[in-house]
Amino acid sequence: MAHEFDARESQNPAVRGERSPFSCSLDRRSFLQGAVASGVALGACEFAQFLVPIPAWAGPQKQDDSQFTVEAKFYQKLPDNKKIKCKLCPRECTVGDRERGYCGVRENRGGTYYTLVHSRVCAAHIDPIEKKPLFHYLPGTLAFSLATAGCNVNCKFCQNWDISQVRPEQVPADYAPPKLVAELAKQRNCPTIAYTYSEPVVFSEYIMDAADAGHEAGVRSVVVSNGYMQEEALKTAYGKMDAVKIDLKAFTESYYKDVVVGELKPVLDSLVTLRKMNKWTEIVYLVVPTLNNSDDEFRGLARWIKTDLGVDVPIHFTQFHPEYLLKNLPITSVPTLERAKAIADAEGLHYVYIGNVPGHPAQNTYCPKCRRMLVERVGFTASQILIRKGSCSFCGQPIPGIWHA
Amino acid sequence: MSAMRSASRRDFLKKCLTGAAVLGASGPVELLAAAEQESVFVKSRVVIARDAMLRGTGAAVESHRMLSLLDRAMQALFDRDNPIEPWKKLVRPGETVGLKVNALGGRGLSTNLQLVEAICDRLQDAGIKAGDIVVWDRDSDEMEHVGFHVATGGNRVQCFGTDRVDYEQELVTHGSVGSRLSKILTQRCDVLINVPVLKDHDGAGVTMALKSMYGVIHNPNKYHPNGCNPYIADLNMLPEIRTRMRLTICDATTACFEGGPGFKPEYSWKNNALMVSQDPVALDYTGWQIIERKRAEKGLNSLEGDKRAPHYIATAADAQHRLGTNDPRRIAVVEV
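Sequences listed follow chains A and B, in order.
Letter by letter, the first sequence follows residues 1 to 405 in the numbering used here.
Letter by letter, the second sequence follows residues 406 to 741 in the numbering used here.
Source of the hints: derived by calculation from the structure; they are not laboratory data.
You may find that some hints are simply not true.
Stated by the list, open to error - Chain A residues, not near chain B, derived (Cβ > 10 Å throughout): (1) G101; (2) G104; (3) D296; (4) Q397.
What the hints assert, rightly or not - Dumping the calculated EDC-like pairs for lysine to aspartate or glutamate here, alpha-carbon to alpha-carbon at most 20 Å: (5) A/K83 <-> B/E671; (6) A/K156 <-> B/E573; (7) B/K712 <-> A/E347; (8) A/K85 <-> A/E232; (9) A/K327 <-> B/D476; (10) A/K235 <-> A/E183; (11) A/K87 <-> A/D209; (12) B/K534 <-> B/E500; (13) B/K669 <-> A/D269; (14) A/K327 <-> B/D571; (15) B/K703 <-> A/D269; (16) B/K588 <-> A/E169; (17) A/K279 <-> A/D312; (18) A/K82 <-> B/D711; (19) A/K85 <-> B/E575; (20) B/K699 <-> A/D80; (21) B/K712 <-> A/D80; (22) A/K83 <-> B/D711; (23) A/K85 <-> A/D64; (24) A/K82 <-> B/D571; (25) B/K494 <-> B/D476; (26) B/K588 <-> B/D571.
Claimed, not checked - Covered stretches of chain A (chain B as the covering partner; in silico rule of three or more C-beta atoms under 8 Å from a C-beta of chain B): (27) 81 to 87; (28) 235 to 245.
Here a beta-carbon is modelled for each residue, glycine too, at the ideal position from N, C-alpha and C.
Taking the hints into account, I'd like the entire structure generated from these sequences.
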């Protein structure tokens, strides 16, 4: 699943003792309480304003499976026994009649493959874009962020496993068709819709439709994803995105096999493809103590980024918190994160950040030429932005990214 | 795993040692012969009961013949003359009993309703209150689709899916598996009786006793890679399952040799049989052989030839799991 910036905030409203954010029955006091509680849990009450769930629109929407069920786009019908082969992710599940793929949100019904999560939103919040994290994309703006159930991997450290590792019928959800999402984002002054929290690969059909609706309404789209996707699906679905954040979980196949239940190579391929598509891309690397924190791995990763993607692709080394099936490991120490950054800096990458450590100076953006600070961040807030027309306001060095709406 | 088997292992070793002493420290051949003779007592029993006239002259299973078939199977498994006695050995009044059925295959290939009725009758004959019996699977709609009537509350047999009560919030883990368990299992069942269907499975090879436990967890989709191996074995190791599981009654009235787990008439046959055992591994191994024979008869590849042999059965029997035996020399198949 996608790994967002704060490891302590569950995105599942049910777990947080709230109704679904799209529900009408949640009164204002209830969701303000929820927001304050979340803020306290974060140890940063000033963030609470961002964590208020989205107010409901008129009329409760009853869950009805048929309204979320749409024929999937990326699959192939097989000649025998009504089986299909999913072509969405590299796993290529062969799915028999009445069975679901590994993701749990796509089902074979009589030889036709369906997504069960189109417009089936189980988590939605208005977040700062820095929380994704996207640091070189419209800093200081808000993203209308949403998720459906499901994921095509099973990371042992998943912080949102209660929505990513469940079937859609196991989590409260509301009907949020694409046009409604676009309208609501606009009403709430969010220039961007973010598909995040669980794994957007598995709700590709929905993000494509929502991105189209958003663009018609003047709202952009970004995706926070593991990048474990087949090339054609990636080009088709993420081609509609304005920016992409990829969680690169490690730089070894063994980690992907044992901890992620996936593969490294297709994710690297996806990153290269996104660069070829000129899609603005940032990378997050969650540093897990003892499992993916060796100097060699950091160095290998940095060299690969430099060679295959370019030195201007931002990378965020983020702090791990014990969650889900990896509760036996400690939080990543700040010196470990600083070591990762130092190695990547030494290899020549221009934008190396440290994440999940509020107040750390490596959350700011610095000009690679004159070294002056260009974007100052306090938590998830961009408190100062000194980039003018895409360049350093001190020395004029172009700073890659999408800086203006 | 069969209580008989686990209890007798120590006895078996004792007897071997005693035998060796009596033989005056005999050589390995004599010891082996003695062990083989004793191994009669450690065999897992799998009873296959058949009734060619189970459906009378029609297509549907007749209730009275099903009850009679179940009685024959249970009496043979527990070596009892009276049809109620086996159930009294299995359950005690005051216990809550869950019948985990399998409704995934849809109409035509889900747990037979007459079989479930017969089991409920015999449980009540053995002193279990109707309200203490719950017939369940993962989803109420799927159950209703195949003919079960959802019933909750009152002094009647309860019948509903996990969707009505949800899964536990806490994860339980063993080996490769980390899952949330159905609250029906954890909160409504002292005793679990597994009532799966004899079926081919496109991923696992076959599905009967062990695989049917996928219906107990919230995330079965995560455990289908690699022919469900070692996931099925690991799942069945969970104490919440293992300590409750007392019996498997496999519905082999209509079975499927290809194209499972969904119902495909062209790949199903009227087998008119039940398979019962307290050793789920032995039952699965035996059922696998039945499916292989039917596949050969129909001119199909073996499951190994199709690269989907059910290796999870061997894993369930290995030293790390010991959920039962897959050694045919240690399985007594009794046909009645």
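Comparing the hints with the structure gives:
Not every CB of chain B lies more than 10 Å from the CB of A/G101, the least distance being 7 Å, so the non-interface label is violated. With 10 Å as the threshold on Cβ separation, the claim that A/G104 sits away from chain B is violated: the shortest Cβ distance comes to roughly 4 Å. For A/D296, the shortest C-beta to C-beta distance to chain B comes to about 28 Å, beyond the 10 Å cut-off, and the non-interface label holds. A/Q397, annotated as away from the interface, keeps every beta carbon of chain B farther than 10 Å; the closest lies near 47 Å.
Restraint check for A/K83 and B/E671: the C-alpha separation of about 15 Å stays at or below 20 Å, so the hint holds. Using a Cα cut-off of 20 Å, the hinted pair A/K156 and B/E573 holds, with the two alpha carbons roughly 19 Å apart. Proximity of B/K712 to A/E347 is assessed by CA-CA distance (about 46 Å); at most 20 Å being required, the pair is judged violated. A hinted pair counts as satisfied when its Cα atoms are at most 20 Å apart, and A/K85 with A/E232 qualifies at roughly 15 Å.
With a C-alpha separation of about 49 Å, the suggested pairing of A/K327 with B/D476 is violated against the 20 Å cut-off. A C-alpha spacing of about 26 Å is found between A/K235 and A/E183, which places the hinted pair above 20 Å, so the restraint is violated. For the proposed pair A/K87 and A/D209, the alpha carbon gap of about 19 Å is at most 20 Å, so the pair holds. At roughly 9 Å between alpha-carbon atoms, B/K534 and B/E500 fall within 20 Å of each other, so this suggested pair holds.
A C-alpha spacing of about 40 Å is found between B/K669 and A/D269, which places the hinted pair above 20 Å, so the restraint is violated. Distance check on the hinted pair: A/K327 and B/D571 sit about 24 Å apart at the alpha-carbon level, beyond 20 Å; violated. Between B/K703 and A/D269, the direct Cα distance comes to roughly 45 Å. Violation of the 20 Å bound is thereby established for this hinted pair. Using a Cα cut-off of 20 Å, the hinted pair B/K588 and A/E169 holds, with the two alpha carbons roughly 16 Å apart.
Taking the CA atoms of A/K279 and A/D312, the gap is about 13 Å. The hint holds against a cut of 20 Å. Using a Cα cut-off of 20 Å, the hinted pair A/K82 and B/D711 holds, with the two alpha carbons roughly 17 Å apart. Restraint check for A/K85 and B/E575: the C-alpha separation of about 33 Å exceeds 20 Å, so the hint is violated. With a CA separation close to 19 Å, the supplied pair B/K699 and A/D80 stays within the 20 Å bound.
Among the hinted pairs, B/K712 with A/D80 is consistent with the structure: their alpha-carbon atoms are about 15 Å apart, no more than 20 Å. Restraint check for A/K83 and B/D711: the C-alpha separation of about 15 Å stays at or below 20 Å, so the hint holds. Simply put, A/K85 and A/D64 have alpha-carbon atoms about 27 Å apart, too far for the 20 Å limit, and the pair is violated. Using a Cα cut-off of 20 Å, the hinted pair A/K82 and B/D571 is violated, with the two alpha carbons roughly 31 Å apart.
Only pairs whose Cα atoms come within 20 Å are accepted, and B/K494 paired with B/D476 is accepted, the gap being roughly 14 Å. At roughly 6 Å between alpha-carbon atoms, B/K588 and B/D571 fall within 20 Å of each other, so this suggested pair holds. Only residues whose C-beta sits within less than 8 Å of a C-beta in chain B count toward coverage, and the stretch 81 to 87 of chain A has 3 of them, enough to reach three; the restraint holds. Only residues whose beta carbon comes within less than 8 Å of a beta carbon in chain B count, and the stretch 235 to 245 of chain A has 0; fewer than three means the coverage is violated.
In this structure, the earlier hints numbered 1, 2, 7, 9, 10, 13, 14, 15, 19, 23, 24 and 28 are contradicted, and the remaining ones agree with it.
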